[in-house]
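Could you put together the complete structure from these sequences and hints?
Number of protein chains: 4
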Amino acid sequence: MTKKIAIIGASGYTGAELIRLISSHPEMEITALAANSKAGLAMSTVFPFLRHLDLPTLVTWEQIDFSQIDLCFCALPHKTSQEVIPHIAQHTKVVDLSADFRLRDPAAYKEWYGNDHAAVELQKSAVYGLTEFYRDEIKAASLVAGTGCNAATGQFTLRPLIGAGVIDLDNIILDMKCAVSGAGRSLKENLLHAELSEGYNAYAVGGTHRHMGEFEQEFSAIAGKPVTVQFTPHLIPANRGILSTCYVRGESGEILQAFYDAYANEPFVKVLPFGEMPSTHDVRGSNFVHIGVKDDRIEGRSTIVTVLDNLCKGSSGQALQNANLMLGIEETTGLMMAPLFP
Amino acid sequence: MTKKIAIIGASGYTGAELIRLISSHPEMEITALAANSKAGLAMSTVFPFLRHLDLPTLVTWEQIDFSQIDLCFCALPHKTSQEVIPHIAQHTKVVDLSADFRLRDPAAYKEWYGNDHAAVELQKSAVYGLTEFYRDEIKAASLVAGTGCNAATGQFTLRPLIGAGVIDLDNIILDMKCAVSGAGRSLKENLLHAELSEGYNAYAVGGTHRHMGEFEQEFSAIAGKPVTVQFTPHLIPANRGILSTCYVRGESGEILQAFYDAYANEPFVKVLPFGEMPSTHDVRGSNFVHIGVKDDRIEGRSTIVTVLDNLCKGSSGQALQNANLMLGIEETTGLMMAPLFP
Amino acid sequence: MTKKIAIIGASGYTGAELIRLISSHPEMEITALAANSKAGLAMSTVFPFLRHLDLPTLVTWEQIDFSQIDLCFCALPHKTSQEVIPHIAQHTKVVDLSADFRLRDPAAYKEWYGNDHAAVELQKSAVYGLTEFYRDEIKAASLVAGTGCNAATGQFTLRPLIGAGVIDLDNIILDMKCAVSGAGRSLKENLLHAELSEGYNAYAVGGTHRHMGEFEQEFSAIAGKPVTVQFTPHLIPANRGILSTCYVRGESGEILQAFYDAYANEPFVKVLPFGEMPSTHDVRGSNFVHIGVKDDRIEGRSTIVTVLDNLCKGSSGQALQNANLMLGIEETTGLMMAPLFP
Amino acid sequence: MTKKIAIIGASGYTGAELIRLISSHPEMEITALAANSKAGLAMSTVFPFLRHLDLPTLVTWEQIDFSQIDLCFCALPHKTSQEVIPHIAQHTKVVDLSADFRLRDPAAYKEWYGNDHAAVELQKSAVYGLTEFYRDEIKAASLVAGTGCNAATGQFTLRPLIGAGVIDLDNIILDMKCAVSGAGRSLKENLLHAELSEGYNAYAVGGTHRHMGEFEQEFSAIAGKPVTVQFTPHLIPANRGILSTCYVRGESGEILQAFYDAYANEPFVKVLPFGEMPSTHDVRGSNFVHIGVKDDRIEGRSTIVTVLDNLCKGSSGQALQNANLMLGIEETTGLMMAPLFP
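Protein chains in written order, with full-length UniProt numbering: chain D, 1 to 342; chain G, 1 to 342; chain C, 1 to 342; chain F, 1 to 342.
Take these hints with a grain of salt, some might be off.
In this list, chains with the same sequence are indistinguishable; a pair is considered to hold if it fits within one copy or across any two.
[Unchecked claim] The calculated lysine-lysine pairs, modelled on DSSO-like cross-linking and capped at a C-alpha distance of 27 Å, are:
no., residue 1, residue 2
1, 4, 93
2, 38, 124
3, 270, 188
4, 110, 188
5, 38, 79
6, 4, 124
7, 38, 270
8, 110, 79
9, 38, 225
10, 188, 38
11, 79, 188
12, 79, 225
13, 270, 110
14, 79, 4
15, 139, 79
16, 110, 3
Read the hints as simulated data drawn from the structure, not as lab findings.
Below, the structure written as structure tokens:
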């Protein structure tokens, strides 16, 4: 039976991406769309690319009748999600795309986000939404916290390697190149076409990016001891994509084997033949992750390049993958579309 | 029952777009892929974005066993199609994406393409592939000639207006802005990122573009007398999209009505509310056409803006739409995916 | 002797472009920079690309001591200029880059901008700043009104043709393709990289763009009777450049001759050999205008393509060219730099 | 007195950039331009953006009369330079922009380029062209070997740090993001707009990029022992710029001080205030280098971000800076133009 879906925060890019994906999903139906700042508008006004769809008019989230909703995607800004989700009816499962429920430790949350968490009890029930590694917990969850898009990319690279014990944990460098949609539909000078196109730069240099909190939580849990990486994200003049270049100490053969072991049966993660390198345009608009491995001129060191689409596999595609599991739908449903190239 | 499909010319952009679309089509299966210059290669080598698919290795077209093929898409360069298609088995239906079978008059063909047509007899059986206007003929055809991408865009704008008699036929100006994938995967200096990005220009100025032949054939047939338009295409620094700005003498109200009449029941053509204007990014990666109409400051004149994705609705999406009809499949199957934005 | 220069509105793109140009000008020195919203900031904070220059800190325009200023560029938003310029000391010459002093008729100003002009007396002394056509008046002026960037482009195309009487005045179509910096540093969703890149669209369709007021004022004055054109601007995913495609009734030979006659001695306007077409990337960052002419397939009709850099020749370069004249400096000083390609 | 200049290899991007720069240089005059594959063509045909200049027609390099030439820039492909330069008259000074004379050790040359060097004797007289560090040698040289553009970027970052002994030499990671003009005007699929725009990727992963040879030669010489870095370049969808993110073990305060010490009097190198980060668009079209430093979350580690324009400071601007020195002209002449932004 078709599942009834609500999306709160439907006027941002991750909300729009959810609608794009669900519009081709055979077992889901969008029943309610909320965006408080644009309540009353048609979706075709907010996002004309959805003009061909017959979608509900935007309402405020308070206006949604959750009695009919099987699952609600919450694509609100950070700090707003934790205010709203406690008001959603208990029978409605929730996939949150914000950062609010990603960090299990309230102290870590406060360190990275600056405020006390407003829904500490609810946090305890949240499952971290990196599907390939939390599949069973997600199936049973009523609240799943989608990962950061950079955090997802770095984890697809490093989890299998930390888990297999094939790299030196004190020498991990993650250099990430992020397309601009990751910054959302925010009106900032540096996101203007005139300023971003033909320019690129590092930001949050020195380990100050909030997705560091996710890296440390997850990597330390796997390793059984504190693990910190040296991480710099860069803003790149492209619309979709994250490319992570990871520099490690470890044998490339063991690293490649660890990836094959981890991802052999994963429908969305493709490990490339040794030495072959992925490009962001090969996953654009899709739910796939491509990973390439190469040894370095310096013995005992390796480089791993990982790409995914930040809006899809890094956010809304991951959210749908989790929703499928939570609703008892086959995991890949609605997510096997090919990338768009060129 | 699933239909078996071959694609000749699979190493170009239109071939790749066909594979992208068919990979999500529930009633088609790709059985053979040919590209003579790259025979023996895996598709994932030629187009890594297709890495997740289990596709046949590239062969030469002569190696295809057509006994099993229900329909063959021919995405070869102009002049090559007319050499190859006569060799395809008669029971196999053919959708040609080249220019070879678009012009019904061999003299017109020679005028625009410079050579005598090599398959004049076959040409007689070809149906012009603008689905919305040749639907019945296409259902019955064994050879359909896909339209030029610019030619499609201009016709979505002008056919209903010429047909309804609401514009002056001596004063039609078509100014077209074309994204670069329309030029194919050809290695030319002006298509390099360094030269196209941050630059744009007119080309084939003065009515010398070959798609003029299609305009004159089709518009004259509708009008019952010779019709020529003043047409300039421009190369724009974007990958997908055609935007046509059409300047006519005619009342905007009558024009809008003619569009509503023509497209009321068309699943892929959306006529916008009066004065609203479409953008290419609203149809990217999709099979949709968006049309906007506005009256001008000068009385009795109007401007019509039409957008589509040159690789999809302008080429491979149109081809698949036609193939559906030829194979008795519901016309929209595999083509209702939402555009990719941003 | 070096002339002392002030710039009001230095935190926008045209202000920054003025600084770029003047920093290489041997006879000008920047003495004061104002931007009321950013007063107190260093220019290297507002525009880090100017980091290598030793520039005055931003102040409010009220803080400028005009006693030392020979010439002031006013790069303020429309409607603000007319409030500020009356307060500038009389001995200081002014080049205004806003729209405020372009239209000589206060009724026309009100029609296009919606408000009564706040400095009608000052307006009477303003000279329209299209250098190549108002050179003598500009030399003698104390207030010059820079043209709209689209308005400049269209006039380089049409003034010589209307003046020479070689085209039909009732059949002029101007289709313009404008890079995004023309919209300034304004925070709007459609100017975000994620929304503009890979998308383009028409705007102000139907003759509603304000630069129409300049076209009508200037073309009617030359023709000695009312002239209106059918004009549509389009937003293109590039940072600098305007390309105008103009469709006229007239013999291409006569048109080309009219251009040669008009521009033979102009250092910045290059008329291309017959049939050759310009690209925006060939004038980027420069003060040059390139014009190409071609006859059409339809007898008696021609197409003219004109390109310039909207921020330079279309705005700040033009302003500097005018300032040179007003200050008795050789007209081309500081403006002969080659375009930046690629 | 004006110096007479020849450029061999004038049909590529670095040749064109030399012409752009020299066209504003008050003490140089272009006397001969060679490009054997395009001999006989006007430069305005090969590069229409140079249309406003009165330049010599292209000839073959064999046709140049060197008796009148003070200095010749050689912008030929690798391996061709070493064939051509021995034929240039001895009184003509030469700045070579290829890789042919960068590596002092013929064995290192063969390791990285695969062939025996064809002009080993001439190599002995060549000076490595990183102006800021070889100034005196360059003044006295008759042959200067321009550096690789990546090699220059990495050295502006690392030379002062290795020299000052403030970083661990066994833990240096250089992650570089390179705009596409660095690949030259070569016709390759991955350089097409349709494939590069909206996509980015690592290449030459694992220390296989040829600029590694320069790093090892120079860093080892400074350190007095072999130094190797872990280096990955990435192709970014932009036209000009290199951004290097360098991860080191060292105290950020000491690092910043080493930069201040090294670059305090350098006109083209700007060290940013602690924690401030540069963007490629802030140096586009200019000869400037911007460097930013930040400490990391992990104690004792730092990140350094360096940007320059690959075609200008990374190649043709550097070449002109060297030519100035070789000809007794003030070093910064013709090179102080501001960047182009936006």
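Status of the hints after comparison with the structure:
no. : hint       : in the structure
1   : 4 to 93    : within (11 Å within a copy, 41 Å between copies)
2   : 38 to 124  : neither (32 Å within a copy, 46 Å between copies)
3   : 270 to 188 : between (35 Å within a copy, 26 Å between copies)
4   : 110 to 188 : within (26 Å within a copy, 33 Å between copies)
5   : 38 to 79   : within (19 Å within a copy, 30 Å between copies)
6   : 4 to 124   : within (26 Å within a copy, 52 Å between copies)
7   : 38 to 270  : between (39 Å within a copy, 24 Å between copies)
8   : 110 to 79  : within (11 Å within a copy, 47 Å between copies)
9   : 38 to 225  : neither (46 Å within a copy, 48 Å between copies)
10  : 188 to 38  : both (20 Å within a copy, 16 Å between copies)
11  : 79 to 188  : both (20 Å within a copy, 24 Å between copies)
12  : 79 to 225  : neither (29 Å within a copy, 53 Å between copies)
13  : 270 to 110 : neither (36 Å within a copy, 37 Å between copies)
14  : 79 to 4    : within (26 Å within a copy, 52 Å between copies)
15  : 139 to 79  : within (26 Å within a copy, 56 Å between copies)
16  : 110 to 3   : neither (36 Å within a copy, 57 Å between copies)
Checked against the numbered hints given earlier, the structure breaks hints 2, 9, 12, 13, 16 and satisfies all the rest.
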